[in-house]
Amino acid sequence: MAANSKQVVLAELQRTLLDPVALPDLAGPWTEYEHPRQQFAEVLAAVGGRAVVVRDLPELNAELAKIDTFRGARRVCSLLSGIERANVTVREMDDPHAGEDVDFFVAPGEFAVAENGAVWLTDEVLKHRVLYFLTQHLVLVVPAREIVSNMHQAYQRIRFDKPGFGLFLSGPSKTADIEQSLVIGAHGARSLTVFLLESSLPARLE
Amino acid sequence: MGTAVRSHPLEAADFVANEDRMHWHDRALWFVRAKRDKAAAAVPEWEQLRELASQIKLHLLSRLGEYLEQFERNATRHGAIVHWARDAEEHNRIVLQILQQHGVRKVVKSKSMLTEECHLNPVLEQQGIEVVDTDLGERIVQFRHEPPSHIVLPAIHIKKEEVGALFHERLGTERGATDPAYLTEAARGHLRNKFLNAEAGITGVNFAVAETGGIVVCTNEGNADLGVSLPRLHIACLGIEKLVPRMQDLGVFTRLLARSATGQPITTYTSHFHGPIPGGELHIVLVDNGRSRFRADPVYRSSLKCIRCGACLNTCPVFRRSGGHSYHAVIPGPIGSVLAPLRDPRKYYSLPYACSLCGSCTDVCPAKIPLHGMLLSWRGDLAHQKAIPWTKRISMKLGSWVLRNTWLYTLAGKLARTFMPWMPRWTLYHRLNAWGKHREVPAFPRRSFRELYRQQLKQNDGRQQ
Chain W
1 MAANSKQVVL AELQRTLLDP VALPDLAGPW TEYEHPRQQF AEVLAAVGGR
51 AVVVRDLPEL NAELAKIDTF RGARRVCSLL SGIERANVTV REMDDPHAGE
101 DVDFFVAPGE FAVAENGAVW LTDEVLKHRV LYFLTQHLVL VVPAREIVSN
151 MHQAYQRIRF DKPGFGLFLS GPSKTADIEQ SLVIGAHGAR SLTVFLLESS
201 LPARLE
Chain Y
1001 MGTAVRSHPL EAADFVANED RMHWHDRALW FVRAKRDKAA AAVPEWEQLR
1051 ELASQIKLHL LSRLGEYLEQ FERNATRHGA IVHWARDAEE HNRIVLQILQ
1101 QHGVRKVVKS KSMLTEECHL NPVLEQQGIE VVDTDLGERI VQFRHEPPSH
1151 IVLPAIHIKK EEVGALFHER LGTERGATDP AYLTEAARGH LRNKFLNAEA
1201 GITGVNFAVA ETGGIVVCTN EGNADLGVSL PRLHIACLGI EKLVPRMQDL
1251 GVFTRLLARS ATGQPITTYT SHFHGPIPGG ELHIVLVDNG RSRFRADPVY
1301 RSSLKCIRCG ACLNTCPVFR RSGGHSYHAV IPGPIGSVLA PLRDPRKYYS
1351 LPYACSLCGS CTDVCPAKIP LHGMLLSWRG DLAHQKAIPW TKRISMKLGS
1401 WVLRNTWLYT LAGKLARTFM PWMPRWTLYH RLNAWGKHRE VPAFPRRSFR
1451 ELYRQQLKQN DGRQQ
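Those protein sequence lines, which keep their order, are chains W and Y.
Under this note's numbering, the first residue of the first sequence is numbered 1, with each subsequent residue one higher.
Under this note's numbering, the first residue of the second sequence is numbered 1001, with each subsequent residue one higher.
Simulated from the structure, these hints should not be mistaken for lab results.
Predicted model, so just to flag it, every value in this text is computed and none were measured.
In silico DSBU-like pairs for lysine-lysine, Cα to Cα no more than 35 angstroms straight-line:
no., chain 1, residue 1, chain 2, residue 2
1, Y, K1368, W, K6
2, W, K162, Y, K1194
3, Y, K1106, W, K6
4, Y, K1347, W, K6
5, Y, K1414, Y, K1392
Given the sequences, and given the hints that come with them, work out the whole structure.
Shown next as structure tokens:
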């Protein structure tokens, strides 16, 4: 049955031959930013998130401690070592539903995109991708030099040779479905803080 | 072929009758359109991106069969199970079968115009499966037993007071509460529970990449991701025109989509799925449902370039003032008015007339679909197919005859100028003359333009001599 429908659809498509149209070259040039960090921070702020440049892990922890909701958080899950107050590891979660009551989730981001405030995340670093969406607050740590200007450059960096999940995340979860009033925290994270870390990334925990 | 439903003007009459509400709707959408303009203007290469998007999609359509097979091969390689559906009925049957095989009773669904097109929800509900639409706007219209009125902003026609009353009844929020933040928080709690208990997630697809076999889903709320990251079963439904050949093509489309839709630089969540969640299953249903037939049509083919951003709806002066439900089509607005008559010309004959031919839709379309040109050619095609009512056909024929014959045109003008000022009012303003509603004919001049022009020429000649 299924194979049959496939043949029917393909046969229908073959019945009408269209004139060839060339697949365009996407070489650009595309807008590049002189100060990608600044651009990234500005756009992220505009979409409801916050970018903070920090030198090293102690500075990152100091910045985290300034966040009220972080100080009040009961369950903090981190994929990076050295995050103060982290008290949950993904390893001990057998089931993704166990992430339900995580207040803060701290994860590494591969790189950031200046034009739209997005950070590229994958499930290569964690076994339950749902944590990116289920946590009440999300903190991402991205190497400060890993910022591309635009989405064309971003897709040059991504490969999907094997199965996996990847996500461009730009700002906290939001909706404007009630009278176009912007509300932050629809289903996913209520806040997003992106640390642009100048020193090397701390070791990963699993 | 179905019979005609009530025409767009009749359907719009109820909406227009409430003038305050009409203006409120108009302003809400214009606000979104203004944000789109700002976002587009901030990208210096905007026009280049639109041109590239158009070329990529035209190329795709020229070799669609090959790309579909390539997509299937690569998706299968990553562990997805690909299904093909000729029409809506087969799509629904496939989805139902997958759910039943897994013994699923509770499904969370994120926004998908395709499943709206196929009317999937009632089919699943009849079999006792609970389907929860998880996009906030979609949940609101689901509670109201209504279809979405807009493809990106499903509840744009509903006021916060109405949402407040609805949530009071359904979710137990405080009576009279209208604060969007409070109401959204209530929905968050309600839907979180649905996510945690769901046994399967159904999503639409924004883009499918032939080269990698992946699918891309874009949302702002994160509902699609939550819906397919807790349960082990993910069913993704897409029309066959959603493909793009290469991953790098996503660079073009992700830059255009959200900026065109809501003026955001990108959607909050742009998720790429290659294969199932570890230990789970990913089913991808490729749906034709008329698309291969549309592709064969030389005039309307390029409507398949549409990426469902909704920009043409937001800018359309008719849509803004008549509301999405007046179209009675799954997809309303300019793009819907092009697509619907392809499905059923008699039923949807009035939609290409719900247009002032202002061309704004064509100007904002990120895929450069010549929308207003298509709406104009539909009018001719529908008349030729005799799909429009005989009254309209006769009056059009009459009009065309008068305009083609100079003597007749001149005579008709003369007669009107002479006699109309003396005729009783009801001869012009009556039930059958739609043009007489809300409008007054200006006072008839004594002489026509042609007469004045001739007179002027004569005077000029006299002066020169």
